[in-house]
Amino acid sequence: MYDKLYHNLPVSEALEEEEEVDLFDYYYDEPGSLPGTLNIEEDADPPSIVLIDYSETTATRVQLATPEACVPYLDSESVSWIDVQGLGSEDVLQRLGKVFHLHPLILEDIVNVPQRPKIEDYKDQLVIIAQMAMLNEQEDSFWIEQVSFVVGKHYLLTVQEEPEHDSFEPVRQRIRHNRGTIRKHGVDYLTYALLDGIIDGFFPILEVYGERIDQLEDEVVTNPTRKTLEKIYRIRRELLALRRCIWPQRETCSKLMRDISPLIRPDVQIYLRDCYDHTIQVIDIIETYRELTSGLMDVYLSSVSNKMNEIMKLLTVISSIFIPLTFIVGVYGMNFDHDASPLNMPELEWYFGYPACWALMIATASGLVYFFWRRGWFENVSSLKDE
Amino acid sequence: MYDKLYHNLPVSEALEEEEEVDLFDYYYDEPGSLPGTLNIEEDADPPSIVLIDYSETTATRVQLATPEACVPYLDSESVSWIDVQGLGSEDVLQRLGKVFHLHPLILEDIVNVPQRPKIEDYKDQLVIIAQMAMLNEQEDSFWIEQVSFVVGKHYLLTVQEEPEHDSFEPVRQRIRHNRGTIRKHGVDYLTYALLDGIIDGFFPILEVYGERIDQLEDEVVTNPTRKTLEKIYRIRRELLALRRCIWPQRETCSKLMRDISPLIRPDVQIYLRDCYDHTIQVIDIIETYRELTSGLMDVYLSSVSNKMNEIMKLLTVISSIFIPLTFIVGVYGMNFDHDASPLNMPELEWYFGYPACWALMIATASGLVYFFWRRGWFENVSSLKDE
Amino acid sequence: MYDKLYHNLPVSEALEEEEEVDLFDYYYDEPGSLPGTLNIEEDADPPSIVLIDYSETTATRVQLATPEACVPYLDSESVSWIDVQGLGSEDVLQRLGKVFHLHPLILEDIVNVPQRPKIEDYKDQLVIIAQMAMLNEQEDSFWIEQVSFVVGKHYLLTVQEEPEHDSFEPVRQRIRHNRGTIRKHGVDYLTYALLDGIIDGFFPILEVYGERIDQLEDEVVTNPTRKTLEKIYRIRRELLALRRCIWPQRETCSKLMRDISPLIRPDVQIYLRDCYDHTIQVIDIIETYRELTSGLMDVYLSSVSNKMNEIMKLLTVISSIFIPLTFIVGVYGMNFDHDASPLNMPELEWYFGYPACWALMIATASGLVYFFWRRGWFENVSSLKDE
Amino acid sequence: MYDKLYHNLPVSEALEEEEEVDLFDYYYDEPGSLPGTLNIEEDADPPSIVLIDYSETTATRVQLATPEACVPYLDSESVSWIDVQGLGSEDVLQRLGKVFHLHPLILEDIVNVPQRPKIEDYKDQLVIIAQMAMLNEQEDSFWIEQVSFVVGKHYLLTVQEEPEHDSFEPVRQRIRHNRGTIRKHGVDYLTYALLDGIIDGFFPILEVYGERIDQLEDEVVTNPTRKTLEKIYRIRRELLALRRCIWPQRETCSKLMRDISPLIRPDVQIYLRDCYDHTIQVIDIIETYRELTSGLMDVYLSSVSNKMNEIMKLLTVISSIFIPLTFIVGVYGMNFDHDASPLNMPELEWYFGYPACWALMIATASGLVYFFWRRGWFENVSSLKDE
Amino acid sequence: MYDKLYHNLPVSEALEEEEEVDLFDYYYDEPGSLPGTLNIEEDADPPSIVLIDYSETTATRVQLATPEACVPYLDSESVSWIDVQGLGSEDVLQRLGKVFHLHPLILEDIVNVPQRPKIEDYKDQLVIIAQMAMLNEQEDSFWIEQVSFVVGKHYLLTVQEEPEHDSFEPVRQRIRHNRGTIRKHGVDYLTYALLDGIIDGFFPILEVYGERIDQLEDEVVTNPTRKTLEKIYRIRRELLALRRCIWPQRETCSKLMRDISPLIRPDVQIYLRDCYDHTIQVIDIIETYRELTSGLMDVYLSSVSNKMNEIMKLLTVISSIFIPLTFIVGVYGMNFDHDASPLNMPELEWYFGYPACWALMIATASGLVYFFWRRGWFENVSSLKDE
Ligand SMILES: [Mg+2]
Ligand SMILES: [Mg+2]
Ligand SMILES: [Mg+2]
Ligand SMILES: [Mg+2]
Ligand SMILES: [Mg+2]
Ligand SMILES: [Mg+2]
Ligand SMILES: [Mg+2]
Ligand SMILES: [Mg+2]
Ligand SMILES: [Mg+2]
Ligand SMILES: [Mg+2]
Ligand SMILES: [Mg+2]
Ligand SMILES: [Mg+2]
Ligand SMILES: [Mg+2]
Ligand SMILES: [Mg+2]
Ligand SMILES: [Mg+2]
Ligand SMILES: [Mg+2]
Ligand SMILES: [Mg+2]
Ligand SMILES: [Mg+2]
Ligand SMILES: [Mg+2]
Ligand SMILES: [Mg+2]
Ligand SMILES: [Mg+2]
Ligand SMILES: [Mg+2]
Ligand SMILES: [Mg+2]
Ligand SMILES: [Mg+2]
Ligand SMILES: [Mg+2]
Ligand SMILES: [Mg+2]
Ligand SMILES: [Mg+2]
Ligand SMILES: [Mg+2]
Ligand SMILES: [Mg+2]
Ligand SMILES: [Mg+2]
Ligand SMILES: [Mg+2]
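Protein chains in written order, with my numbering: chain A, 1 to 387; chain B, 1 to 387; chain C, 1 to 387; chain D, 1 to 387; chain E, 1 to 387.
Since the hints were made in silico from the structure, they are not lab data.
Remember, predicted model here, so these are calculated numbers, not experimental data.
Incorrect hints may have been included.
It does not matter which identical chain is used: a pair holds within one copy or between any two.
Distance condition first, Cα-Cα at most 27 Å in a straight line; then the derived BS3-like pairs of lysine-lysine [stated by the list, open to error]: (1) K255 - K123; (2) K118 - K227; (3) K184 - K98; (4) K118 - K255; (5) K123 - K184; (6) K98 - K227; (7) K227 - K184.
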């Protein structure tokens, strides 16, 4: 499942740990299962149902024991936000479906997470599937969790995968303390406020990636190692995952800010346009980062080739200098018999034979060093540092 | 032909076997053949015709001997599902065409497999060509088989390439045991249920690919070999094949969930929207996997370059240390005649000549080792492991 | 010109021959020439005009001497197919233009080959430019030839570049022997039948390419040579050429199967839909092959790098083992004077000096061999095969 | 923030300086903040409010002390341009919002910079967000700054991030000295003139990049170094940043030149079409530069490989010549005892033994040199220059 | 300016010359200049105004002294083609603008060259900006020059950058000698004829590139050098420039062949469709060439890697054969004292010691040669040719 994927996974740092990243991101029905079959995971938390009911003047928060306890609130004029957290009981979820008259397929999409984000219009209800991403407190890991919205005339049902955390706390505070205009608006504004919270959650994550890319830009030219390569790949992979969460959300916002349904009033559409702007900005940043990392990959490859050149140059310099010298000393290590012929290595008997031999070798070596120095091969020797 | 292609082909594992993968995927008419010419393969199974007739109260299953035996069922109010399995008899198939009033070109598309998936509207009939993919029992291979649908008012004709297996068994069970709402709905819902079964069949295959990519991600950095390269290529190739099966299916679902024909009623269109969602998700996963494998290819190339650097460094270290030493010992292997001149290699006669020579060599070697150590060249020697 | 290009060019095999492939594929007017100027090539065949006139009951085939001889047939109720083969006479072609009331620009497009495939609607005439590709008898080469269609109410004019061969023989046989329904239909069905013949001609060519790609897939991993590289490039290049022929044909079929003109009746549009399907399939195969060859290019590059690694490893192993040994023997080849000092190479006088020296060398070599063996460097030595 | 990013950053030259480039380009709300919350940066300049009020006959320029001082001008027939520079006071900005009846979300977009460029239509106001890029005086660095426009019937409000510089001075001069037709037109023409100034500001920046790419084209083939690589990457990165500023501006111009609002009159739409042309040209140049730098990257990679080949050839030449020679001299350094057998190295006692040995060596070396010379390996030795 | 760019630049051959190619292709206003400001280059030719006035029966050619001399012709029924060549006088151009009632922005686009090609409809005038490309007489260089069209009811104004050459001479001859139907048609046909001339001018240039690519295809596999790389890059760069000239022209033709304006009559639209076809063909060829050169780049990179493999193999073969041999001769160059122990190198005193040593070395070398020969390493030695 999705949230397990990144749960406590330090963003792109924890490469070595044998974390079980499940690439197979969407939930799929056991082939042949009935449409509407709910999948309850063993370790899922039991659903908790919290109702927040408010109007311009009052606001109450109630923990409900059963889905049916929602019923009295649904048709009242006040805004009723029913927030269900946890998908651990088929019975509760089925009853929830009945209370809200949900089509079995919608209930399935809400429960069998993760699904691709989308929006569907059922005349008297709008159904929105969204993926919520949150940076953790240490700012080194993020969670992804599905949130489903059912927007009715006087109520909003939200269903979260897990109760631990969400991006909605500030909205709850605004309702409680009557901050801003939220209590003056209806269900549509509440929907906006929550969607806005979800999208705002992507920015801090992307900021972390921005910093990591920044670091990689330095690393890739100064000290490219095998780790660098892995980091680039991981960042690309995780950006891919984030893009899948936010890309379809764009269509959701785009539809909401147009006249999709009478459930969304024109004055709230202006707010949804802001939400749409932010979605576009998130996508824009992700695409930019993907282009940058793609460029980094090229730079990395070139850097590795460059380093190879440096290594080869070192080998070539040392071999080229010493191999001829070794040949020279080899010559004078030969055992031709001087007694047999005066032509046989008379040098060995010269008075200055040995110094002359050294002179020859020094001249040879100097010539070669000069040759390499002229070509600038010694300039980068100091940069031969490595992984 | 298509199904032969992957028949018993362990998913991307069986690289070595000389399996005969036919890249030329679509059936094509012998140039110049008459439109409507049916191609019967030598080894094709003879068609078996199974009729399942049901209404809300009853359900029967009959094995029919001839296509003409279908006729009484076609106009009855009950839903009649005629499932033909096997394309081995031109006579039977031609008679089937007559019984169902099929245009010769449609019959051709049904029989001359594989064809590209599509949907066509013939007023009183909808014709759907689909490709059905199934993971086998060992979860290491998959089949692809064409299924054609002819949707009438009171009947559904499906034609499968082969009788061995299909994704339809759960639907048959639902009809038989009256599970879910299938017996309350009509032909349109049956069509949905079967299409849903086909699309659901892609998910388990993709899950297997997800796991293989996961393994490759580890392999490509820790131990990239020639095999790794082949595996990446094979996965990309097979994803390409899967994409060709599912991509055009998207249009089929998209058309069905809109008002394409009075044969599909609005309440079933909601189900078809779910089917469309799943198709999009399959495509989404395939595209993600393709991006990931494309990234893996880059990582592989870089890893190979990195390993080359390691090898070169080893060669350079050993050569750089021993070549100068060999030169030194070569010097003192020269035969300059000390008797001829006191300048000729007096070192050879020094009291500490030999130890001094060793001291020089040890100093040289140490200096070079220090030089390389400072540059960090020894850090990765332990990672020089190989294929 | 186009057909020269591939005339007798064995498909992607004839790489070495200095064949004159003209990349500049489309005909272009001498800058400044009058619109409607016809270009007659020196070596073009003189046009032969064959008329096939048929109705449900009769069918005649006449070789016409002049274009004007067509006139009596053009308004008769029977279907008159005038097939002109060869573009070698300006006079005949101009008269042909007059007989059929062709706009000078259309006549130009018909004669000045090759042109990009297209369809144009002139109220009482439909003009179609198509490119016909045919595999030759040895199945190792293909031709491309332009065929132009002028569709009238009771006649069809087709103009081929050359008389040697075309894809139309089966259609002629169907008319002659009254096979299928062709004699029951009109000009529109004849147009379909010929277009279908053209598109069917691409499949056998693509099948050949499919086999070649199959071979390359093996070659590129087992034995990648410089030839492999050339073959991949050539296949990509030829697929590009085929794509240019078929891609615009898609629009032709697409327009024809919609209500472009009263000249095409609804019952024939169903046939044209089949034709459109096949065009899409040809494009689909070409794109698939292009993706595969692009992947092969990556695999090739990696294979070359891999082979380099193997070569370097061999060099490194041999150098690393023998260079230290050579140093050792060099040590004991030094001439330090033992008489001058007991410290000078006492080893040389040890009783076990020489065996000890060998023991040292064997130990050194064994250690290094073990080092490499542990790293698995010997596993692939057997795969060091080469071009 | 945006302008800090490039503030005084010499265009793509200042690669080494540890400048803090913030990849995270768009402003984002503290998650959970109220919609409409303004973010005032610590170091932001206090807003200065300059009003320029003009008609065909008169033009005045007033520095206003408070936002409320604008009020008398807003409904007067004359054109009133209120230019606010600096975002350093929440109080002033909130009051500005009230004076101009700005929606809180618009005020937020104006203040919380940078935002993605966009245009929004609020019946009686048009809101435009733009990014202004300016080359500095030394022509080696550029600034990016957000400018927001609120277009009313008789007024134009512009809000700049900072007071130091803008592209608007020429427009101020045209108003002051009544040059051109600006004083004869209304608010719409003023809006055009300012937008035109912004877009014109991109051209000089791009000209600098054009010159740098020109230099790189030479560098990459004659002398490709690690620096070259960094420069290419940096240019790509900065072009990416510029593209993000200008790309959405295209939509702004496109909407303005169509009938988006009665605030823009037809005679000014012609001017906006010119503005649109220039935007397209800027985008066109950026895309061209991106393609060129992408090509440069390929050339760079190839150049590095080419240089490696040169290095390897040098090593191979020297090794291939001297290693065999060293073997030969090694042979005659062996100590086989001639006294023990006449077969033991009789060469050592030949009269011409030593000269013959040299002859052998010279012949060997010459043969190898000829071998390499025939293959042309010496031609490029002179080009072995390096970084 | 544009034409300077390629003036006398041999097509992709003149790579070495330090030609000053200005990548910054479009003209841009001095930031802050008034809209409508004309930029007169110092070295621009003074405008010459040539009027060609014709009807079906008569045709005159007059050199006009002043723009105002055009006036009498503009409303006469005959077709009046005013061709202005050279942009060297602001006074003349401003008066021209007045005579033709040109909007200042249009005059600006005509004079401040180069602009992006486009078409604009001003009710009674059509304004077309086009880029004219011409191969020179030596067929090794091309010019690009802007031509602007102002199409009125009875007149056509064309403005060329320079008087030296244009693609219009054949049209002038057709008018003069009354060839073809040009004198029977109106201004719209003249516009077509000139646009057709411009587009026809691209084909010969592309033919030259086609030949160069053809040569490169051979070069890149047989003898890839650093020059090859530069040539590929240059061709890609110049194709990019050509694409920028022709790509927007496609929209011009596309709009003209539809019902954009009553100034273009239906019978001329058929001609413009031909013009559109040619534009598409030019774009098609450019895209094909770009794909081919992109493939060539890959082949080049692979070829360089292949050559590296060859070099490394040579080094490895020579090193692997001689390093072991050198070790062996080193062994027998050791000075172990045989007198001190019978174990010390008894081989040196064997009767067949020296021959045995040679036998050992020959066996070793043969073994290695066989090893390499079996692996096929000697097959390509003859191909080790180089740059
Ligand atoms: Mg979960
Ligand atoms: Mg389901
Ligand atoms: Mg939660
Ligand atoms: Mg937000
Ligand atoms: Mg940095
Ligand atoms: Mg906003
Ligand atoms: Mg089959
Ligand atoms: Mg057929
Ligand atoms: Mg089956
Ligand atoms: Mg499903
Ligand atoms: Mg893993
Ligand atoms: Mg669903
Ligand atoms: Mg021809
Ligand atoms: Mg023409
Ligand atoms: Mg022919
Ligand atoms: Mg066909
Ligand atoms: Mg195979
Ligand atoms: Mg078909
Ligand atoms: Mg700021
Ligand atoms: Mg906000
Ligand atoms: Mg400012
Ligand atoms: Mg401008
Ligand atoms: Mg230059
Ligand atoms: Mg302009
Ligand atoms: Mg210039
Ligand atoms: Mg000029
Ligand atoms: Mg201007
Ligand atoms: Mg000119
Ligand atoms: Mg033309
Ligand atoms: Mg050739
Ligand atoms: Mg034409």
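We went through each hint and held it up to the structure:
1. Taking the shortest Cα distances, K255 and K123 sit within 27 Å of each other both inside one copy (14 Å) and across copies (21 Å).
2. With identical chains, the CA atoms of K118 and K227 are never at most 27 Å apart, being 37 Å at best within one copy and 40 Å at best between copies.
3. For the identical chains of this complex, K184 and K98 are inter-copy neighbours only, at 20 Å across copies versus 30 Å inside a copy, given an alpha-carbon limit of 27 Å.
4. For a Cα distance limit of 27 Å, the shortest separation of K118 from K255 qualifies both inside one copy, at 10 Å, and across copies, at 18 Å.
5. Taking the shortest Cα distances, K123 and K184 sit within 27 Å of each other both inside one copy (24 Å) and across copies (24 Å).
6. Within a single copy, K98 and K227 get their C-alpha atoms no closer than 53 Å, and across copies no closer than 54 Å, so neither meets the 27 Å cut-off.
7. Within a single copy, K227 and K184 get their C-alpha atoms no closer than 54 Å, and across copies no closer than 60 Å, so neither meets the 27 Å cut-off.
Checked against the numbered hints given earlier, the structure breaks hints 2, 6, 7 and satisfies all the rest.
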